[in-house]
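A.B. asks: Chain by chain, the residues run as shown.
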Amino acid sequence: MLHLNLQTSLFTLFTCWTEKDAFGIFGVNVYMAEYYNEEEARKYTQNSRMIEIQSQMSERAVELLSLPENQSCFLLDIGCGSGLSGDYLSEEGHYWVGLDISTAMLDVAREREVEGDLVLADMGHGVPFRAGTFDGCISISALQWLCNADKKSHSPPRRLYRFFSTLYSSLARGSRAVFQIYPENSDQLELITSQAMKAGFTGGMVVDYPNSAKAKKFFLCLFVGVSGALPKGLGSETVEKGVAHQAMFTGERTRFKNLKGKSLKKSKDWILEKKERRRRQGREVRADTKYTGRQRKARF
Amino acid sequence: MLLLSYLRMKLLTHNMLTSHVKGVTKGYPLLIKATEVKLTDVDFNSEFVSRMIPKIEWSVLVEAADTLGHLNDLPRDLPPDYESSEDFLRKVHHVLLEVEVLEGNLKCPESGREFPITKGVPNMLLNEDEV
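As you go down the protein sequences, you meet chains A and B in turn. In terms of this note's numbering, the first sequence is numbered consecutively and its last residue is 300. In terms of this note's numbering, the second sequence is numbered consecutively and its last residue is 431.
Please note: incorrect hints may appear among the correct ones.
[Stated by the list, open to error] Quick list of the computed label-pair ranges, beta carbon to beta carbon:
| no. | chain 1 | residue 1 | chain 2 | residue 2 | range |
| --- | --- | --- | --- | --- | --- |
| 1 | B | D381 | A | D187 | 52 to 58 Å |
| 2 | B | S384 | A | P157 | 49 to 55 Å |
| 3 | B | L339 | A | D187 | 48 to 54 Å |
| 4 | A | N47 | B | P375 | 46 to 52 Å |
| 5 | A | N70 | B | E336 | 47 to 53 Å |
| 6 | A | L189 | B | V324 | 20 to 26 Å |
| 7 | B | E363 | A | K214 | 50 to 56 Å |
| 8 | A | M50 | B | F344 | 44 to 50 Å |
| 9 | A | E190 | B | P380 | 38 to 44 Å |
| 10 | A | F218 | B | P380 | 27 to 33 Å |
| 11 | A | K214 | B | N372 | 28 to 34 Å |
| 12 | A | R112 | B | D343 | 16 to 22 Å |
| 13 | A | N70 | B | D341 | 19 to 25 Å |
| 14 | B | K338 | A | K198 | 24 to 30 Å |
[Said to hold, decoys possible] Not the full set, but computed from the structure, chain A residues with beta-carbon under 7 Å of chain B:
| no. | residue |
| --- | --- |
| 15 | D117 |
| 16 | L118 |
| 17 | V207 |
| 18 | D208 |
| 19 | Y209 |
For the record, the hints were derived by calculation from the structure and aren't laboratory data. Virtual Cβ for every residue (Gly too), placed ideally from N, Cα, C.
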């Protein structure tokens with residue numbers, strides 16, 4: 001049961017914990033390949049909320065890729081895991097190759113009969129494809145693993161650079177790489193973006209719903225060879241007026257405001273404004289109370 | 301429990317795979333040695349095949365298909381007007397996307413280092429001294 005499944009992974013975890021953590025700011029020493037053992041992999045994949053979130057993030061990532069319309073593309077999925085994001089790519093008619101370090105996760109992907117090809121690889125060792133192979137790259141919740149140093153010999157900046165530079169060359173000119181990430185802190189973010197820039201990428205961070213703690217999502221958008229305009233994040237103030245992203249609910253009973261922009265006649269707003277106007281004119285006006293402009297019974 | 305391997309490595313993927321082992325200058329193409337090959341059915345998408353052909357190393361594809369015994373009548377030289385010939389595109393589609401390697405290994409042409417393929421998944425994990 002639980003003991004059996006954890007046996008191999010615990011052994012690896014113990015050997016990691018005995019080593020001194022030289023990279024303090026990069027968090028817990030977790031051997032990433034063993035993190036998702038068979039049980040964890042299945043739990044992760046069967047959680048319906050997880051599936052929904054992953055699917056939504058994949059959709060947004062593909063949107064940010066700005067692929068040519070109605071064209072099947074050849075894409076790379078970094079940290080494809082059990083193929084949740086890959087399934088979305090297939091739905092959209094794309095062909096894809098997924099890279100992941102965990103055999104357990106890839107086994108689940110196999111059980112789920114994903115359509116893409118899977119490769120067991122460590123992204124920190126480099127992306128093993130020749131120049132200009134892919135039309136685009138997405139990655140959902142995977143890049144942060146590169147920031148953890150699980151072995152003393154690993155240097156996160158070096159692994160990040162190795163990853164980004166080989167990724168850069170494996171992408172076709174004019175294509176993009178979009179990474180959905182949960183940045184732990186600004187240091188981590190800085191580390192990631194600096195190595196990406198060193199590798200030749202341009203681009204930046206797109207933040208969706210920056211004002212919502214729950215909905216906030218970070219997408220690192222990298223361009224290959226061409227300086228594109230960074231897409232706007234969803235739910236930010238800079239979105240054009242008139243485009244409603246959320247329905248606004250107010251407690252007011254008047255449903256339609258006067259088209260001239262003035263308050264609807266005889267509404268509470270109108271009454272208050274009129275009283276204010278009369279005060280300014282110097283007339284004697286009753287004070288505003290909780291009864292001002294209150295709805296009366298019809299017979300009144 | 302016998303798990304049917306629905307996962308495979310397509311020849312399209314093989315055509316792009318390369319070795320990044322330290323010190324190796326020519327890690328491409330990786331030579332396929334397959335012990336188990338499978339044929340599948342994939343919907344034909346002529347635009348995709350047409351677009352991928354310029355990216356493919358044609359000689360490598362022919363060589364790989366031949367090694368697997370599925371060359372059939374695919375020409376060794378790429379015909380100049382391939383875009384217009386649906387017949388040709390279908391042949392390419394078959395070789396690229398429908399011939400899949402389930403078990404075997406990929407061998408680096410320079411160092412001889414082998415990357416095993418298990419249940420259709422090539423293992424490209426490198427040792428610390430190879431990075």
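A.B. asks: When the hints from earlier in the document are held up against this structure, which numbers fail?
C.D. replies: Hint check: 5, 6, 8, 9, 10, 11, 14, 17, 18, 19 fail, others pass.
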